[in-house]
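Use the sequences and the hints to build the structure in full.
Taken in sequence, the protein lines are chains Y and L. Everything in the first sequence is counted per this note's numbering, starting at 1 for the first residue and increasing by one. Everything in the second sequence is counted per this note's numbering, starting at 1 for the first residue and increasing by one.
Simulated from the structure, these hints should not be mistaken for laboratory data. Since this is a predicted model, take the numbers as computed values, not measurements. Note that beta-carbon positions come from the ideal geometry of N, C-alpha and C, so glycine has one too. Among the clues, some could well be false.
[Stated by the list, open to error] Facing chain L, a subset of chain Y residues (Cβ under 7 angstroms, in silico): (1) His113; (2) Gly114; (3) Ser130; (4) His153.
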Amino acid sequence: MAEIDSPLGSNYIAGEHGNVAAGIGVSLAERRNLSIIQVTAWPNTIPTVLTAIGSATGLIIDNKPGLGRVAGEKSVFGFAPGRFLVTAASADLETRLRSAISADLGTIVPLTHGRCVIRIAGPASEWVLSKLFALDFSEHAFAVGHGRATLHHDIHALIQRVDQDAFDLYIFRTFARSFWTILGHAAEEVGYRVG
Amino acid sequence: MTSSRLNTGGRIERSRTIRFIFDGKAYTGHPGDTLASALLANGVTLFGRSFKYHRPRGVFAAGSEEPNALVTLIDGEVREPNVRATEAEIHDGLVAESQNRFPSLEHDLMAVNQLAGPLFSAGFYYKTFMGPAIGPLRGTRFWMFCEKFIRRAAGLGRAGMAADPDRYERMNAYCDVLVVGTGPAGLIAAETAAATGARVIIAEERPVAGGSLVSSGELIDGRNPAVWAREKAELLAGLPNVRFLTRTTVWGHYDGNVLAAIEHVADFKPNRTEGQPRQRHWVIRTGKTILATGAFERPIVFPGNDRPGVMLADAVRRFAMEYGVAAGSNIALFTNNDSAYDVARTLSQAGVGIGTIIDVRTDISGTCRDIADVAGAELLLGHAVTATHAGKTLSSITVQHFNAQTGRVSGAPREIKTDCLGVSGGWSPAIHLASQAGGKPEWDEDLQAFLAPEAHQNWVVAGSAAGYMDTISVLSDAATKGSAKHRAALPTVDAPMFDASPAPVYQIEPDGKTQKAFVDLQHDVTADDIRLAYREGFHSVEHLKRYTTLGMATDQGKTSNVPGLAIMADARQIPITAAGTTRFRPPFTPVSLGALAGERYGDLRPHRLTPIHDWHLSAGATMYDAGLWHRPMIYGSPGETIEQAYIREARTVRDSVGIVDVSTLGKIDIQGPDAAEFLDRVYTNMFSTLPIGKARYGLMLREDGIVFDDGTTWRLGQDQFLMTTTTANAGPVMQHLEYYLDCIWPDLRVHLTSVTDVWAGAAIAGPKSRAVLESCVTASKVDDATLPFMGIVHARIGDIPVMICRLSFSGELAYEVYCGAGFGTAMWEALISAGTPFGIVPYGLEALGTLRIEKGHVTGAEIDGRTTAHDLHLDWMLSKKKPFIGSAMLGREGLQDNNRLSLVGLISLDNQPINGGSHIVADATPREPADSFGHVTAACYSPALGKYVALALVKHGSSMIGRRAYASDLLRDKHGPVEIVSHHMFDREGSRMHG
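The following block contains the structure:
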């Protein structure tokens, strides 16, 4: 099987960039080899779908806006009513979800090829992201595991907090290189490491 | 005026010296100096020339309210005009120049305007440039002739033409409490709020916290108030729940407790660290706002009040206490209230002598008398300044007896030598942000000032901004407003007690001819201008503002509004409260366009790349911005023109085979048991009858019956479809569909997902296209039986899973091949490799356009928001078996009118290109196209026809076929004969596509 190309291309330059004299504020990395599946429940099947996602992934979440959970390479979070993004490093994620979720319960759309996942981590991650997104990134408003759907200019992004100072950004693939450039620009002030 | 540096005092760092240049001359200052304080310390008193009259002007204030001392900062080729010298912090290498003068500040030829003063009174433009109805100067012609001279003669600074190399950033912030200002009120309010555990943001426009405390002569907790403020600020800044922003001006207050602020991150630094923005634009969303914005001292209007050396009394104090600068060697104060005595007390303590205090009042407190006595100042009660005398700087003033009750000046004039006159006309709470938030400011008779309107959001005004004018009351008020739950321990304050009420004296009007008395210093609006406006009927404050431009300069009338309104109220013989005030608008102080634009420029402007983008670049494609997309326009060979390239590419497609990147087409996954029903409703034609594994061309209308979009939709399963849209309409179509599902038909069980980014697409077109696929596709045949027109197969190219649909936009035998976007380049390269033996060429948008024009296929140029299916000859797609969006409106008279424009083809008869956008006219003579009966939507050279051709929308289109007309594009000097033909200009029967 051919390998999925990174949409970041030659713009992904490993190393340290920006104002690193005072340390590295954030590290940026592209998460590769993930299966990314969107699951959408019908209005009356949301709890059942969440249970099914739990059985397929081991990640159980409540039906509340923006809730999510992270365990290693696996994650799930809700980003719209009845709509969830499920991610795992295993190639059979779609198969397991299709086994657990029939058409009566909801629909499944593989988005693996359509999203670029960028992880930003480090003490300045909230600061850098706040330059781009009108979201409250403080931990009491945006807890670990939770997800948000938002925009930077014309670029749609799903964001999940995966640790106290780490976030995964799910960017539409065709915008990914543009967004990567913007993100690097925003991170120059605090110094950043790629890779 | 002989200003100088004091031996002690101020928060400047005297051990270090900074060198800077003003008007080409080198000066020195210290860290902590503003440009104004440093120049004053060097004895410079002339800072600029006034707006209209080119009068010499000096520093008037010491902060953001400064109307006079505007300068241009120069950094290489970059010029930043209209910077307040009172806020510009100096640094090594700073270069500044004065404004609105020629050839120099000292010798400004345009000062001749002063002689023509009466000519330039209020309404000058309206009266002078309203031309007659007839004649050579009719209408606005005279104005248009004069404008460039006037613009040069009057105005502020001049912006440069060089691109701004600085970077600007945005920042989004959230907090429970935002405190604006860090005077005593702001600090105590912030401390109180922070003690409750709330997330607090504190914004201070100056480099240091403290506000009025920095220059105060009071004692707080028995200590220097500036030190007390600094320590309090450091304590707050160290709290984990507090973000303390200095050099940050909150300039806008909007609905939903959203406030905008500009942080001057590096304006004041000669060298910036990598990635550091010059300015950062904050958007702060807060639960509660505490506006502790202080108050502005306002002047008294009197003849000659604009001379360099005349300044606000508190500014004299600030220069002494904050920067260690004596604004003059022989200072006089002119006041209608007690605060000038506090200035005298503080200056006296700092070793700055006060020669005279002129007070319009006859009865003042013992405290004030004692201060004057201690300061050694001559006290002239019941007097007013009636004239000033100066060359380019103040040398003396004239005082006379003044009756504050009648406003009458009397008695013999007396001249007093002074080089600096500090004026205090009372204080106006800085209610700008409160006013922006809505409501009508309320007049306070005691303070003779407007107070904040009633709050309709969760904000409060605290301290002197709320009308509390002594430090004890300020602290107490702020502590209450910081939090209802927690009360901070208030410090002790050692300060004399003053009466905050000024005498209601705004203007001194001696009898007879006097010097000009300025109200708005920045726009050169005089008291006479306001009275003239009254006489000419402009009574409303809104009319007054616009007729005279009072308060419309970059300082937004911070020092001029109340005196101006008072003079108008006096003219109208009504109370000020009845005259009212205008509402303050953002920004509080000017905001750079760079800060507003943020990062949305150049490489940082969002753009979209297809999965095959890098291949296109490596193949030498000339890229084209199509909306946010970067798409190949042509793949030019060396020496080829664009036309030659697209002709070669299009010809190859017709003769052999070509490949084009169609990844940009909008793609929407539509799933659910009601998906087919949903499509039947949104498309004009039927989709529920479409078999699995087949695609169909669909047409969408808007609700009003106008064509919205077109594209093919593929049935991938019983309940799953893949809709494709035009590239430009991908977003709008998605919104359209979501709206109908969410709001109109929520009962339908259908899910929509944009999958544009999931799929890479290549269209392979031409008589050899099937052969190319047969040589590289596995897991499915692609012959006519297996893959008929509009058929779909799932197959592989190498180890890449692909979906192939046989459809054509070019009119040739053609296929669209889709794979996961991450495999896009690999699939594309495999197709190129397979096509090489057949002479395959990649083709770009120009060839794509050429092929579709030849075939008469429509795109956004024809689906322009005005055309119907009938106009585009697509009425065969309108189902009569079912309703659909737009069907109810199709029968409208206007949409059935025979005079509507409809689609035709054009062939150039002079073998010259036809310009897109040309009008279609009957007249062989080029002239204004009054008889236009259509327009060209798209044009190209057709290699298939060997002619220049075009598509056009023409009145009575079908009946015009065979006629001659002219394509007229007078803007580009083009007017050529054309023949109107069918829009199907090539292979009308479609035999090539179905072959």
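> What are the numbers of the hints that this structure violates, sorted from low to high?
Replying inline: As far as the earlier hints go, not one is violated by this structure.
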